[in-house]
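Participant: 1 is the number of the first residue of the sequence shown in my numbering; add one for each residue after it.
Check the hints yourself; a few may be wrong.
[Said to hold, decoys possible] With beta-carbon atoms standing in for the labels, derived distance ranges: (1) Lys206 x Lys152: 32 to 42 Å; (2) Ala298 x Gly274: 14 to 24 Å; (3) Ala258 x Thr17: 41 to 51 Å; (4) Asp230 x Ala209: 17 to 27 Å; (5) Leu257 x Asp225: 24 to 34 Å.
Just so you know, the hints here were simulated from the structure itself, not pulled from any lab data.
Note that CB positions come from ideal geometry on N, CA and C, so glycine has one too.
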Amino acid sequence: MTANVIPPSTRLRQLLTSPDLIVAPGVYDGISARLALEAGFNVLYMSGAATTASMLGQPDLAIATQNDFVQNASMIAGLNPQVPLICDADTGFGGPVMVARTVIAYARAGVAGFHIEDQVQSKRCGHLLGKQIAPSTEFISRIRAAVTARAKLPGNDIVLIARTDAAQTYGLDEALDRLKAAIAAGADVAFLEGVRSEDEVLRTVKELAPTPVLLNIVTGGSTPDFTVADATRMGVKIAIFPLISAIPAIHGIREGLAALKRQGTDVLTARNMGPKHFFEVMGLDEAIQIDKEAGGEAYAAV
Numbered sequence: 001m002t003a004n005v006i007p008p009s010t011r012l013r014q015l016l017t018s019p020d021l022i023v024a025p026g027v028y029d030g031i032s033a034r035l036a037l038e039a040g041f042n043v044l045y046m047s048g049a050a051t052t053a054s055m056l057g058q059p060d061l062a063i064a065t066q067n068d069f070v071q072n073a074s075m076i077a078g079l080n081p082q083v084p085l086i087c088d089a090d091t092g093f094g095g096p097v098m099v100a101r102t103v104i105a106y107a108r109a110g111v112a113g114f115h116i117e118d119q120v121q122s123k124r125c126g127h128l129l130g131k132q133i134a135p136s137t138e139f140i141s142r143i144r145a146a147v148t149a150r151a152k153l154p155g156n157d158i159v160l161i162a163r164t165d166a167a168q169t170y171g172l173d174e175a176l177d178r179l180k181a182a183i184a185a186g187a188d189v190a191f192l193e194g195v196r197s198e199d200e201v202l203r204t205v206k207e208l209a210p211t212p213v214l215l216n217i218v219t220g221g222s223t224p225d226f227t228v229a230d231a232t233r234m235g236v237k238i239a240i241f242p243l244i245s246a247i248p249a250i251h252g253i254r255e256g257l258a259a260l261k262r263q264g265t266d267v268l269t270a271r272n273m274g275p276k277h278f279f280e281v282m283g284l285d286e287a288i289q290i291d292k293e294a295g296g297e298a299y300a301a302v
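When you get a sec, could you build the whole thing from the sequences and use the hints?
Facilitator: Encoded structure:
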């Protein structure tokens, strides 16, 4: 990178030291990422659940592979490298060697930060029942593998977020002990999945200070439907909304398809958006400008 361009991971670290809450909407494909950028968000979050749904049409049950996640992350991160992208990395997709490969692949893809969790390899969405938790020693080995891999990447400071799902199975004390051990092993941010109350969030923030805490807000999940104002008041540093684009997409697509089935036209659901306007949302003007600056005339009239 040139001297005046800040790497996305460094930009994320700068935001972590600022007084403001980082609000990262969940994105899962090019359209959702473009719309999040259009809305003005300065950090994005690639949801593993939504990525699995979008790429494979499957539920969040450890079906998507490392390659699926890295491929999607590379595309999203490349849309605007100045906007940091935080990615789900599940369990790291295997033992320490696979965790290390995941870190290297994400770093090369331009990912700014990622989280590693402590479920067993056959994991499931953190807001489903029946989760199985790996031993604490295995979780910390994943964190150490990630830290070691990062240290071997010259000039890369990708942010490592330690996530535990242990609270719902073993209680808050065990979950906090795991996060403290992860921080001691080199994690930069703590992520307590499935918090059940404001008191749990407040205790987590207090006990883990000064380490930043990430709050996962999934409407209708096991965590209360906290707002951005709630997250700010409770003192968390990052608030992610993993399904903020995926669920509205389901409602919108259903509406459009139902209208076509019922009325035989998409005129109403298109809302006057024709192909050119659609492509403009996807970066048409930027593509035209690049061609023009290169001396091309391919898009002089579009």
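Participant: Confirm or reject each hint.
Facilitator: Structure-based check of all given hints:
no.	hint	result
1	Lys206 x Lys152: 32 to 42 Å	holds, 35 Å
2	Ala298 x Gly274: 14 to 24 Å	holds, 21 Å
3	Ala258 x Thr17: 41 to 51 Å	holds, 48 Å
4	Asp230 x Ala209: 17 to 27 Å	holds, 18 Å
5	Leu257 x Asp225: 24 to 34 Å	holds, 28 Å
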